[in-house]
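Student: So the chains spell out like this:
Number of protein chains: 2
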Amino acid sequence: MEQNLLKASAVLLNQKAKFRCSVNGKPPIISDYTPPHGDGEGYTSLELMLLSLASCFASTVKFILTGPMKKTVSAINATAKGERRREHPTCFEKIELFLDINADCLRAEELENVINAAEESICPVYAMLRGNVEIVVKYKIKEKV
Amino acid sequence: MEQNLLKASAVLLNQKAKFRCSVNGKPPIISDYTPPHGDGEGYTSLELMLLSLASCFASTVKFILTGPMKKTVSAINATAKGERRREHPTCFEKIELFLDINADCLRAEELENVINAAEESICPVYAMLRGNVEIVVKYKIKEKV
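Chains as they are written, first to last, in our numbering: chain A, 1 to 145; chain B, 1 to 145.
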């Protein structure tokens, strides 16, 4: 069932910046900051943000391809690379998102239209970053042998 | 060591929307979408976004309090609640972030100044969502007994 109200929590575990992050009923994720402020024993908040974007964008593209477009997708591998500002706030000024997709009979032009639709109106995480971060999406299509 | 270039990846694990999300050298996080599009066997991308914001904002506040302000913080518990739009893109239109802080000799006014600084110029994840999502931060201070 799709939920409209989501809840998540982060509890500090030590005297530095290690948190137990969780959502009810799911295995906790440890977040931590890099030394010296943290011990580097978990995902940084910015890495969690990259994973949020990569999984959201990849599943949005996958749903459009396999749903309305009735394509067969056998693999998707999304990699996000984020480049941080050196001054506060040290957020990403640019994120490059690479999509490696294995699909049958998928033309580059078709995938570009899907990526445009995801960017313009469908991908929720992209929509929340839009305008604040430059996001460049690249792709590679591999035919299944 | 603080890194300026971060990299994360998401690999599709099934025919639905289950991904193995990871950053080199860290234990993978499973993401999934809610049924029927997914099997609900992991964190949704939007839950990862909430965890990214909660851990980032909480650690930003913690660093300012214990660093320049030399306060003693014995606990921080951050809870983020996000309300999704019902139309595409189904991103959050509002996020409420609750901070429960145990600290000695911390006045409400001091914490409010820290929260304002985090919002205005320090918290990276907040900066990336700013303007696109309404974020309301609330807090409770508990004196350590």
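What the hints contain is simulated information worked out from the structure, not anything from laboratory work. None of these values were measured; they are calculated from a predicted model. Any given hint might turn out to be false.
Identical chains blur together in the list; that is why a pair holds if it fits in one copy or across any two.
[Unchecked claim] Capping the alpha-carbon separation at 25 Å, the derived lysine-lysine pairs in DSS-like fashion look like this: (1) K70 / K142; (2) K71 / K7; (3) K18 / K81; (4) K70 / K7; (5) K81 / K142; (6) K18 / K7; (7) K26 / K142; (8) K26 / K71.
Student: Could you run down the list of hints and mark each one as holding or not?
Tutor: Against the structure, the hints:
In this assembly of identical chains, K70 and K142 lie within 25 Å of each other by CA distance solely inside one copy; the values are 17 Å within and 55 Å between copies. For a Cα distance limit of 25 Å, the shortest separation of K71 from K7 qualifies neither inside one copy, at 34 Å, nor across copies, at 29 Å. Proximity of K18 and K81 under a CA criterion of 25 Å is satisfied in both settings, with 23 Å inside one chain copy and 21 Å between copies. For the homomeric pair K70 and K7, neither the shortest alpha-carbon distance inside one copy (34 Å) nor that between copies (31 Å) is at most 25 Å.
Only within a single protomer do K81 and K142 lie at most 25 Å apart by alpha-carbon distance; the minimum there is 21 Å, versus 39 Å between protomers. Taking the shortest Cα distances, K18 and K7 sit within 25 Å of each other both inside one copy (20 Å) and across copies (20 Å). For a Cα distance limit of 25 Å, the shortest separation of K26 from K142 qualifies neither inside one copy, at 34 Å, nor across copies, at 28 Å. In the homo-oligomer, the alpha carbons of K26 and K71 never lie at most 25 Å apart, since the shortest distance is 32 Å inside one protomer and 33 Å across protomers.
The structure fails to meet hints 2, 4, 7 and 8 from the earlier list, while all remaining hints are met.
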